[in-house]
Amino acid sequence: MVVSDNQMSRSPEDRSRFISGVTAGLPVVIGYFPIAVTFGLLASEHISMVHAVFMSAWVYAGASQFMAIGLIGAHSAAAEIVTATFLMNFRHFIMSASLSQRVKSHRSAAIPLLAFWLTDETFSVAMALKKKLHPRFLLGLEISAYTSWVSGTGLGFIVGAFIPPLLQESLYIALYALFVALLTPHVRSSLKKRSFHILITAVFAAGINSLLQHFHLMKPGWSLVTAILSASVLGALLHTEDEGGS
Amino acid sequence: MRLWIIIPLMAAVTFLPRLIPLLLLKDKVPPPLLRRLLNTIPYAALGALILPGVLHSAPTMPWAAVAGMGAALLVSWFKGGLIASVASSVVVVFLFLLVGA
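From first to last, the protein sequence lines stand for chains A and B.
Here the first sequence is numbered in this note's numbering, starting from 1 and rising by one per residue.
Here the second sequence is numbered in this note's numbering, starting from 247 and rising by one per residue.
Next up, chain A with everything else stripped away, as it sits in the complex (with noise of 0.2 Å):
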């Protein structure tokens, strides 16, 4: 079906949407990169590579990855590692909801593949950059992600050795650097017009997380939900008022 569909539609526009995807999934390229070496590199430890690289390239999802390498090393049974990585990676049911508000389509045949790429990073990237979004686009910004992950595991595992541990902590930060760009042009342009929805809620989703996390009050995958849904519910709340008042 996806074969068909790209036939049927390869336009010049549609290529240009692909490659202005590309382009938008360099930064989470780059972030991904030593993130997937360093998860090759402490697979290489406890799995074959061949399981290494399936596992990036079938779950594709960073955090449950390294929880599940580390619950395999510790011989867990299969039902524990498979009912964590569904609480781990239960977030993305809220991203899809939301992302499924800006995916313009008529024909559906890219929506198991958009779902099947979509992640936290290329979620705020995508949602970050367009009012709406085109498969084409979403499809690029989602393969160079992609790609970076399962090379990054594969060459992890083989080299990873060999990287200096100093270069490899500092790349750590690049994620959270890349979530912290994505935020502020929102956030600036928002409190230009005296709006503080957008501030509030991103303060209030990482205050929640981080207190239920520091306590202990849940396992890191339902923190975030718990987070992301209780700070969406009081910015969703708080931006009536706004439109009200201007």
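Quick caveat, the hints were computed from the structure, so don't treat them as lab data.
Beta carbons: idealized from backbone N, C-alpha and C, even for Gly.
It cannot be assumed that every hint is accurate.
No more than 25 Å apart at the CA atoms, straight line, and that leaves these computed lysine-lysine pairs for BS3-like [unchecked claim]:
#, chain 1, residue 1, chain 2, residue 2
1, A, Lys131, B, Lys272
2, A, Lys104, B, Lys274
3, A, Lys193, A, Lys131
4, B, Lys272, A, Lys104
5, A, Lys104, A, Lys132
6, A, Lys219, A, Lys130
7, A, Lys193, B, Lys325
8, A, Lys132, B, Lys272
9, A, Lys192, A, Lys130
10, A, Lys130, B, Lys274
11, A, Lys192, A, Lys132
12, A, Lys131, B, Lys274
13, A, Lys130, A, Lys104
14, A, Lys192, B, Lys272
15, A, Lys192, B, Lys325
16, A, Lys193, A, Lys219
17, A, Lys192, A, Lys131
18, A, Lys130, B, Lys272
19, A, Lys132, A, Lys193
20, A, Lys131, B, Lys325
21, A, Lys132, B, Lys274
To spell it out: a stretch of chain A is covered by chain B in this simulated footprint if at least three of its residues, at any positions, have a beta carbon under 8 Å from a beta carbon of chain B; those stretches are [said to hold, decoys possible]:
#, stretch
22, 19–33
23, 60–69
24, 113–126
25, 133–144
26, 162–176
We have chain A; now place chain B onto it with these hints.
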């Protein structure tokens, strides 16, 4: 081999939550409040993804991560651009770790 059971199951429980809302909500226009909620989710997600995770991103020296965040914030606020923000924060963390080590 048990990993050939675990990995596909991990893939399935990760994929389904990513797929189901997109598939079901794609052509729906939800009521206004729900719409606003869905539109607010990205900002909430960014906040929750940044903290507390970033504090553990430089395990040997958490202050380096704080400095790196400061760099990303300054660059993205005054200059803008994703790559410039990411690069400057990596350089700042690298320098902190180098000096601190």
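Taking the earlier hints as the rules, which of them does this structure contradict?
6, 14, 16 and 25
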